[in-house]
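Q: Heads up: the sequence lines are chains Y and V, in that order.
The letter at position 178 of the first sequence is residue 178 when you use this note's numbering, and the numbering goes up by one with no holes.
The letter at position 35 of the second sequence is residue 35 when you use this note's numbering, and the numbering goes up by one with no holes.
In short, the hints are calculated from the structure, not lab data.
One thing to keep in mind: the hints can contain errors.
[Said to hold, decoys possible] Derived EDC-like pairs (lysine to aspartate or glutamate); straight-line CA-CA distance at most 16 Å: (1) V:K157 x V:E123; (2) Y:K258 x V:E152; (3) Y:K254 x V:E152; (4) V:K92 x Y:E207; (5) Y:K250 x V:E194; (6) Y:K254 x V:E194; (7) V:K88 x Y:D262.
[As the list claims (entries may be wrong)] Calculated from the model, a selection of chain V residues having no Cβ within reach of chain Y, i.e. all distances over 12 Å: (8) E49; (9) T119; (10) L197; (11) A213; (12) N280.
Since this is a predicted model, take the numbers as computed values, not measurements.
Glycine included, each C-beta is placed from N, C-alpha and C at the ideal position.
Okay, here's what each chain looks like letter by letter:
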Amino acid sequence: MKRVLTAGERVKLARSPQRPRAKEYIEAIFDDFIELAGDGAFGEDRSLVCGIGSYRGIPVTVIGQQKGRNFEENMLYRFGMPNPEGYRKAIRLMRQAEKFGRPVITFVDTPGAYPGKEAEERGQGMAIAKCIQVMSLLKVPTVTFFIGEGGSGGALAIATSDRRIMLENSIFSILSPEGFASILWHDADRWEEACDAMKLTAGDILELGACDEVIPEPEVMDETGRRILFKKVDRAIDRNLKELLKLSEKELLKGRYKKLRDMGKTDVRN
Amino acid sequence: MNPFSEKKSILDSVNSLLRPMRKPAAGGEDKIYKCKGCGNKYTKAILRENHFVCPSCGHYGKLSARTRITTVADRKSFREFSRSMIGKNPLKFPGYEEKIRDAEKATGLKEAVITGTCTIDGEKAVICVMDSRFLMASMGTAVGEKITRACEYATKKKLPIVVFCASGGARMQEGILSLMQMAKTSAAFGKHGEAGLLFISVLTNPTTGGVTASFAGLGDVILAEPGALIGFAGPRVIEQTIGEKLPEGFQSSEFQLEHGFVDAIVKRENMKETIGKIINLHRKAKDY
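From just these sequences and the hints, can you work out the full model?
A: Spelled out as structure tokens, the structure:
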């Protein structure tokens with residue numbers, strides 16, 4: 001029997017370098033993956049891996065936030081924190097997916113968009129806004145997996161999809177628990193308390209209605225564990241794509257919009 | 001409760017009961033305000049005349065949403081939507097409901113945005129105005145819902161929509177549901193855009209975080225008031241990330257114009273006329 005983990009422990013797991021990274025899922029699940037680089041305007045951002053590949057014979061577009069395992073890799077991938085050109089590359093490839101009728105599969109694993117000086121100079125906020133909007137209206141099926149950290153607008157940018165699926169120990173949060181604690185209580189050390197208050201675990205997010213499905217994880221992330229996990233993600237793609245590909249474009253867009261419309265309840269007080 | 005705050009709350013409630021019976025004291029027009037820019041003092045009447053821009057140093061004073069509407073909408077043209085809408089406490093966050101009630105008391109608003117229709121220099125439009133006095137106009141479910149409904153109304157009635165943005169970003173106490181309002185509003189504005197309709201986003205001080213990264217950054221035309229703070233990450237967070245001080249004027253309206261993210265910086269006194277003109281210039285040629 002598995003012990004129930006605390007929210008803080010799940011956050012630690014979500015950030016663990018032992019977890020498979022986006023590229024490992026891509027390699028395990030898709031055939032003939034070809035990485036496509038660049039936003040066509042400013043540059044290439046390696047923290048957001050984009051490309052095309054084949055999923056059980058169907059051409060798909062894949063977009064994933066890539067983290068590293070060691071310092072050098074993390075410098076290369078900026079700890080999985082994309083710059084605006086990353087999001088603009090994602091927009092470019094989503095539009096292409098729409099043009100060629102390919103479903104889009106995304107993998108979320110980021111502490112958040114990069115909060116740097118250059119990122120601001122190149123319009124981080126507006127790049128994210130556009131990415132959210134383009135994805136929310138995309139005329140092809142979209143499925144998102146949260147495989148680790150899902151921090152803030154930087155995660156949402158590639159998660160405004162038909163199906164949001166979270167791994168058991170992934171998180172989806174408005175900002176980092178440390179940031180949350182420091183803003184609300186002026187004390188970043190209270191981050192574990194923040195983890196509880198924020199309701200950021202996959203189970204919480206499912207309960208709040210902001211994701212559709214939670215995939216249980218193997219207890220140990222060794223070779224066998226990984227293989228089991230990839231298999232589960234693979235099956236989830238299969239099941240969801242089959243459902244979504246049956247829908248007409250109109251039904252698809254209506255369903256996606258309705259789901260966004262249902263986010264949060266309001267009341268009336270005179 | 002301590003006896004002093006109890007006494008104050010009794011006085012407040014007596015006051016609010018008596019208010020409708022008293023003659024309005026000229027709307028508090030004689031009240032003195034100190035400019036946050038230069039410290040000079042002016043009466044409200046003088047400031048109003050000057051659109052709440054300091055007559056001596058030009059500092060842009062904070063506008064309440066209602067005052068903002070009077071500076072933009074034609075007289076008596078404003079009709080409000082969903083005036084009584086409030087959010088819930090989806091995370092059961094301790095102290096959140098009290099915080100909302102305090103903000104309500106301080107501002108007379110139920111939430112951080114006012115939405116409705118009006119005419120602007122004779123042009124009919126849907127208008128949303130955020131009020132940063134209400135929990136920094138952070139976007140919770142109610143803010144997202146009011147803006148989305150206003151936008152859907154504009155789409156249905158084929159009207160342009162004007163949004164005066166001001167926000168500290170997402171509403172922490174509503175967690176992920178606050179974040180999802182970014183997606184909800186962005187999708188609604190996307191549909192409005194696909195219908196060939198005009199969206200003017202006006203960025204005022206401050207427009208940051210999740211609001212910049214959703215509807216504020218999605219206008220067909222993006223205007224800004226002079227000297228506003230506009231950005232995604234807050235200056236403090238950036239300074240911590242890069243380990244150095246940011247230069248003067250970083251993330252100002254002028255900075256955003258320079259970097260290509262704002263169409264024009266418009267002075268408050270010219271805002272109404274400029275918006276009216278822009279709406280007028282978006283008539284379809286076939287209506288000629």
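Q: A separate judgement is required for each hint: does it hold in the structure or not?
A: Here is what the structure says about each hint:
Restraint check: the Cα-Cα separation between K157 of chain V and E123 of chain V comes to about 14 Å, which is no more than 16 Å; the hinted pair holds. Proximity of K258 of chain Y to E152 of chain V is assessed by CA-CA distance (about 13 Å); at most 16 Å being required, the pair is judged to hold. With a C-alpha separation of about 14 Å, the suggested pairing of K254 of chain Y with E152 of chain V holds against the 16 Å cut-off. For the proposed pair K92 of chain V and E207 of chain Y, the alpha carbon gap of about 13 Å is at most 16 Å, so the pair holds.
About 14 Å separates the Cα atoms of K250 of chain Y and E194 of chain V, which keeps this hinted pair within 16 Å; it holds. For the proposed pair K254 of chain Y and E194 of chain V, the alpha carbon gap of about 14 Å is at most 16 Å, so the pair holds. Of the supplied pair hints, the one linking K88 of chain V and D262 of chain Y holds, its CA atoms being roughly 14 Å apart against a limit of 16 Å. No Cβ of chain Y comes within 12 Å of the Cβ of E49 of chain V; the nearest lies about 35 Å off, and the non-interface call holds.
With a cut of 12 Å on Cβ distances, T119 of chain V stays outside the contact zone with chain Y, its closest approach being about 27 Å. Taking the minimum C-beta to C-beta distance to chain Y, about 15 Å, the non-interface status of L197 of chain V holds against the 12 Å cut. The Cβ of A213 of chain V sits about 4 Å from the closest Cβ of chain Y, inside the 12 Å cut-off, so the non-interface label is violated. No beta-carbon of chain Y is positioned within 12 Å of the beta-carbon of N280 of chain V; the least distance is around 26 Å.
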